[in-house]
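Here is what each chain is made of, one letter per residue.
2 protein chains.
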Amino acid sequence: MSLLVVGSVAVDDIETPFGKVKFTIGGAATFISIISSYFCSKINLVGVVGSDFPKEGIKIFKNKKIDLKGLEVIENGKTFHWGGKYLKDINIRKTLFTDLNVFQKFDPIIPTAYKKSKYICLGNIDPVLQKKVVSQIENPKLIVCDTMNYWIENKLKDLKAILKLVDVLIINDSEVRMLANESNIITSAKKVLRMGPKILVIKRGEHGSSIITDSFIYSIPAFPTEKVVDPTGAGDTFAGGFISYIASKKNISDDILKNALINATIASSFCVEGFGINGIKKLNKKQIKDRITKFNSLIKPPKL
Amino acid sequence: MSLLVVGSVAVDDIETPFGKVKFTIGGAATFISIISSYFCSKINLVGVVGSDFPKEGIKIFKNKKIDLKGLEVIENGKTFHWGGKYLKDINIRKTLFTDLNVFQKFDPIIPTAYKKSKYICLGNIDPVLQKKVVSQIENPKLIVCDTMNYWIENKLKDLKAILKLVDVLIINDSEVRMLANESNIITSAKKVLRMGPKILVIKRGEHGSSIITDSFIYSIPAFPTEKVVDPTGAGDTFAGGFISYIASKKNISDDILKNALINATIASSFCVEGFGINGIKKLNKKQIKDRITKFNSLIKPPKL
Numbered sequence: 046m047s048l049l050v051v052g053s054v055a056v057d058d059i060e061t062p063f064g065k066v067k068f069t070i071g072g073a074a075t076f077i078s079i080i081s082s083y084f085c086s087k088i089n090l091v092g093v094v095g096s097d098f099p100k101e102g103i104k105i106f107k108n109k110k111i112d113l114k115g116l117e118v119i120e121n122g123k124t125f126h127w128g129g130k131y132l133k134d135i136n137i138r139k140t141l142f143t144d145l146n147v148f149q150k151f152d153p154i155i156p157t158a159y160k161k162s163k164y165i166c167l168g169n170i171d172p173v174l175q176k177k178v179v180s181q182i183e184n185p186k187l188i189v190c191d192t193m194n195y196w197i198e199n200k201l202k203d204l205k206a207i208l209k210l211v212d213v214l215i216i217n218d219s220e221v222r223m224l225a226n227e228s229n230i231i232t233s234a235k236k237v238l239r240m241g242p243k244i245l246v247i248k249r250g251e252h253g254s255s256i257i258t259d260s261f262i263y264s265i266p267a268f269p270t271e272k273v274v275d276p277t278g279a280g281d282t283f284a285g286g287f288i289s290y291i292a293s294k295k296n297i298s299d300d301i302l303k304n305a306l307i308n309a310t311i312a313s314s315f316c317v318e319g320f321g322i323n324g325i326k327k328l329n330k331k332q333i334k335d336r337i338t339k340f341n342s343l344i345k346p347p348k349l
Numbered sequence: 046m047s048l049l050v051v052g053s054v055a056v057d058d059i060e061t062p063f064g065k066v067k068f069t070i071g072g073a074a075t076f077i078s079i080i081s082s083y084f085c086s087k088i089n090l091v092g093v094v095g096s097d098f099p100k101e102g103i104k105i106f107k108n109k110k111i112d113l114k115g116l117e118v119i120e121n122g123k124t125f126h127w128g129g130k131y132l133k134d135i136n137i138r139k140t141l142f143t144d145l146n147v148f149q150k151f152d153p154i155i156p157t158a159y160k161k162s163k164y165i166c167l168g169n170i171d172p173v174l175q176k177k178v179v180s181q182i183e184n185p186k187l188i189v190c191d192t193m194n195y196w197i198e199n200k201l202k203d204l205k206a207i208l209k210l211v212d213v214l215i216i217n218d219s220e221v222r223m224l225a226n227e228s229n230i231i232t233s234a235k236k237v238l239r240m241g242p243k244i245l246v247i248k249r250g251e252h253g254s255s256i257i258t259d260s261f262i263y264s265i266p267a268f269p270t271e272k273v274v275d276p277t278g279a280g281d282t283f284a285g286g287f288i289s290y291i292a293s294k295k296n297i298s299d300d301i302l303k304n305a306l307i308n309a310t311i312a313s314s315f316c317v318e319g320f321g322i323n324g325i326k327k328l329n330k331k332q333i334k335d336r337i338t339k340f341n342s343l344i345k346p347p348k349l
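Taken in order, these protein sequences are the chains called A and B.
Final position of the first sequence in the working numbering is 349; the numbers increase by one with none missing.
Final position of the second sequence in the working numbering is 349; the numbers increase by one with none missing.
Worth flagging that the hints you see were computed from the coordinates, not collected in a lab.
One or more of the hints may lead you astray.
[Unchecked claim] Restricting the straight-line Cα-Cα distance to at most 30 Å, the calculated cross-link-like pairs of lysine-lysine (DSS-like) are:
hint, chain 1, residue 1, chain 2, residue 2
1, B, Lys345, A, Lys348
2, B, Lys303, A, Lys334
3, B, Lys186, B, Lys202
4, B, Lys161, B, Lys294
5, A, Lys339, B, Lys348
6, A, Lys345, B, Lys294
7, A, Lys150, A, Lys176
8, A, Lys303, B, Lys303
9, B, Lys133, B, Lys67
10, A, Lys345, B, Lys345
Can you make the complete structure from the sequences, with help from the hints?
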């Protein structure tokens with residue numbers, strides 16, 4: 046089934062306790078599209094870059110058969126450039142600079158050929174733009190929306206408007222509390238479900254993740270790993286692993302949602318093992334499947 | 046099998062967003078003993094109180110058939126008295142006062158009849174005292190040790206000495222990092238396992254808990270509840286739920302350890318539903334079993 050991915054395509058300068066890279070390919074839509082390419086045969090990417098965007102990036106997208114009709118390249122423009130540093134406790138990140146460049150005027154026009162996309166992944170961008178995307182889609186089957194504290198703090202009204210239109214909201218545990226203005230995470234989740242999404246996916250970082258709907262709650266741990274080299278893009282990869290698993294199936298059931306959560310967990314576990322997209326760009330289905338098998342044996346409940 | 050519980054027996058003043066109580070029965074050994082009484086027929090309590098300790102507390106212990114030969118009552122002494130306040134985010138606690146009183150000179154002398162206890166639960170007290178307890182036990186089958194950041198910061202050498210003598214260390218996620226001086230939780234856990242304990246139980250608060258040994262890792266979520274009235278004693282109840290489940294079985298296997306983690310999770314979920322010991326003092330086996338069944342259905346993996 047066709048998956049439409051809308052979000053930032055960027056270049057990143059990243060420093061972690063394990064090294065540093067400069068002008069490496071990044072951005073939410075990049076991570077979402079690349080990980081999705083392992084599960085989904087038709088990926089439509091909508092984003093904007095400058096003419097300085099590395100040729101290697103375009104080559105990777107093409108190798109993964111990601112459709113680039115929706116990737117606008119602004120001549121003489123500069124690509125969105127982000128710089129960040131992770132501290133000794135790699136869970137803590139400092140943003141060094143955010144040069145929006147051509148992304149500042151990003152206006153997501155959905156190519157006609159993309160308007161029939163069935164699965165929509167709205168990367169973490171301004172909720173006004175997310176709404177604009179949704180208004181252009183003809184008959185979507187599932188819309189997944191990512192967001193962050195910045196939009197909760199600065200564009201709450203617009204965020205609430207897009208929440209009415211999406212099926213799945215992916216958000217981290219502190220953000221769900223912030224959005225609900227509650228301290229108990231279950232109470233917060235229920236309150237956010239009443240804002241519109243039918244399905245809430247809560248990321249708890251190293252503590253795992255949960256999926257909460259009106260009919261069930263399912264929580265799993267993170268994949269236990271000592272090899273966390275660079276967390277950049279882990280959340281986007283998680284979102285991509287989630288929606289592309291669902292897009293690869295015919296129907297949506299509770300079990301498929303739960304397996305999508307496992308797939309998202311494993312996808313992001315590969316992401317953090319390398320700088321930028323290095324952890325996910327050379328994967329194959331067998332590697333992913335093997336780690337899922339290993340994970341399933343870890344979460345297998347004991348005999349009573 | 047016989048379970049020896051050593052730790053504080055106290056009175057608490059507690060304030061949470063849901064109310065306040067004064068001079069209510071508390072202390073680590075109290076929570077551990079009471080929850081253990083549902084799983085274990087022979088509980089030996091070692092602690093100290095003043096003559097002001099509420100008669101009701103003694104009555105509850107006796108009703109639960111908790112042996113009090115090891116509970117010293119100091120005539121004209123005052124019981125360890127703690128006061129704390131939980132903020133709107135109930136995960137955040139402020140200690141208002143800590144009057145150690147008779148507990149300041151607590152010197153755990155194990156009654157002869159207790160020296161053959163097979164299961165030992167060392168509540169969160171000075172590691173020097175924990176070691177003194179262990180030296181008096183004849184042939185223990187399993188020793189579980191609880192500790193906290195205070196001892197890591199102030200008595201690291203003594204803590205490391207007791208860690209060499211215990212089988213299970215129960216600790217929260219920030220403390221395992223602090224003890225290992227590492228940021229990755231899996232790396233930290235492995236480092237702590239090399240300090241002595243064969244089994245590490247990591248409490249992650251509302252995110253659940255993990256058990257980590259040299260041969261397996263098993264993580265489960267917390268029981269999802271909106272009714273968190275008072276978290277006091279939840280960690281002690283967790284420890285009690287863990288060891289008393291094991292003590293109720295003939296052998297110790299990986300599956301029994303995993304089920305003990307589930308039992309600990311459910312035990313603490315009852316604890317937070319009432320002030321002080323109110324959430325656990327009137328339980329019965331069926332209530333606990335029913336919630337375990339519910340929890341097991343929540344963590345059941347999806348069909349592939």
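For this session: Decide if the proposed pair is consistent with the structure: Lys161 (chain B) and Lys294 (chain B), CA atoms, cutoff 30 Å inclusive.
Result: holds, 18 Å
For this session: Verify the proposed pairing of Lys345 (chain B) with Lys348 (chain A), using a straight-line Cα cut of 30 Å.
Result: Holds - the C-alpha atoms of Lys348 (chain A) and Lys345 (chain B) are around 12 Å apart, at most 30 Å.
Exercise. Holds or violated: Lys150 (chain A) with Lys176 (chain A), Cα cutoff 30 Å?
Worked result: Cα-Cα ~16 Å, so holds.
Problem set entry | Restraint status (C-alpha distance of Lys303 (chain B) to Lys334 (chain A) at most 30 Å) | Holds. Lys303 (chain B) to Lys334 (chain A) sits at ~25 Å (cutoff 30 Å).
For this session: Starting from Lys186 (chain B), check that the Cα of Lys202 (chain B) is at most 30 Å away, please.
Result: Holds - the C-alpha atoms of Lys202 (chain B) and Lys186 (chain B) are around 25 Å apart, at most 30 Å.
Problem set entry | Hint consistency between Lys345 (chain A) and Lys294 (chain B) [alpha-carbon to alpha-carbon, up to 30 Å] | Given that 30 Å is the threshold and the Cα spacing comes to 21 Å, the pair holds.
Exercise. Taking 30 Å as the top limit, are the C-alpha atoms of Lys133 (chain B) and Lys67 (chain B) close enough?
Worked result: OK: Lys133 (chain B) and Lys67 (chain B) at ~19 Å, within 30 Å.
Exercise. Under the criterion that the straight-line Cα-Cα distance not exceed 30 Å, is the pair Lys345 (chain A), Lys345 (chain B) satisfied?
Worked result: holds, 8 Å
Exercise. Taking only the CA atoms, is the gap from Lys303 (chain A) to Lys303 (chain B) under or equal to 30 Å?
Worked result: holds, 22 Å
Exercise. Has the given pair, Lys339 (chain A) with Lys348 (chain B), been kept, meaning a C-alpha gap of at most 30 Å?
Worked result: holds, 15 Å
Checked against the numbered hints listed earlier, the structure breaks none of them; every hint is satisfied.
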